[in-house]
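Visitor: So the protein sequences, as listed, match chains A and B. So in this note's numbering, spot 60 of the first sequence is number 60, and the numbers just go up one at a time. So in this note's numbering, spot 88 of the second sequence is number 88, and the numbers just go up one at a time.
Quick caveat, the hints were computed from the structure, so don't treat them as lab data. Warning: the hint list may mix true and false statements.
Stated by the list, open to error - Okay, derived cross-link-like pairs now, DSS-like style, lysine-lysine, Cα gap no bigger than 25 Å in a straight line:
no. : chain 1 : residue 1 : chain 2 : residue 2
1   : B       : 51        : B       : 38
2   : B       : 7         : A       : 7
3   : B       : 46        : B       : 7
4   : A       : 46        : A       : 7
5   : A       : 38        : B       : 7
6   : A       : 38        : A       : 51
There are 2 protein chains.
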Amino acid sequence: MSNTSLKDVIEACDRAITQEDYATLMEYYADDATLVVKPGMLVSGKEAIRKAFIAIADYFQHRLVVTQGRMEIIEGGDNALVIMETRLDIPQADGGTTQVTRRATYVFSRQSGRWLCTVDNSYGTDLLDCAED
Amino acid sequence: MSNTSLKDVIEACDRAITQEDYATLMEYYADDATLVVKPGMLVSGKEAIRKAFIAIADYFQHRLVVTQGRMEIIEGGDNALVIMETRLDIPQADGGTTQVTRRATYVFSRQSGRWLCTVDNSYGTDLLDCAED
C-alpha cells in the first residue's frame, strides 16, 4: 500500500495552499483535473484551477489556513478516493478567525508512479443539497 | 460531456444488483477495483467483489432493491467522481420493507472509451464517523 505517500501529497497540497505557492500546488494536479470552486461552479485544467485558487486567496484576504482532520484513503484500479475532514480557518472582519470543517472528497490517479489529483471536491456529498431533483 | 452514458452505466449496475445478475455487474468494474462492503471492510478484485455482492443479497434474503436519487457527476483527468443518493429498500421481518438513503461516492475510470468503476463506496463521507482519530 502506498497510502503514506498519498498522505504526504495531500499534506504538501494543503501546505502549498496556505503558503499560496501555486507553482508547487499545480505539480500535484492532472493536466485536465477539475476543481469544484463552489456548488455549481466547476473549473477544469491547471491554469483555470490556479486562477481559482488565487481568487479564493484574495477573497479570504490571504489569511486562509487549511489543515486536515480525519482521513480515509480507498485505493482501487490505479485510483484513490480520499475522504477527509478539511478544516478551514477563515478570517473574520474583527481580525479573528472562524473554523469551518468540511467533509471533502478527492480523486487521485497514479500516473508513472506519482499520485495526481483528477477531481478536487471539498464539498463532498453536501453537493447534493444544491442539486436539482 | 459523456455524463449521459455514465448515468446509463450506473443505472445498469443498480439494475444488475437488484436482479442479482453479477456477470453483467462485473463488466462495469475494473479488474482491481475496491468495494467498501461496510466501514472497515474493503474487498478488491472482481472475484472478491462478486462474492461480497452474493453475501449481501443472501443477507437481505434476495429482496434488496437499489434505486438512485439525486446524482452529481464531476469529470476530470479521465476519472469521474459520482456523488449520489442511493436508496435501498431493505426487507423487514414482518414482510414489509424499510427505505434507507445513503449518500454514496463512486470513482470511475475511462478506459478504452468505457467507464469502469474503480472505487465503490456507498457510505460516502459517513466513513469518517467510523475512522479513528
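Visitor: Which of the stated hints cannot be reconciled with the structure, identified by number in ascending sequence?
Guide: 2
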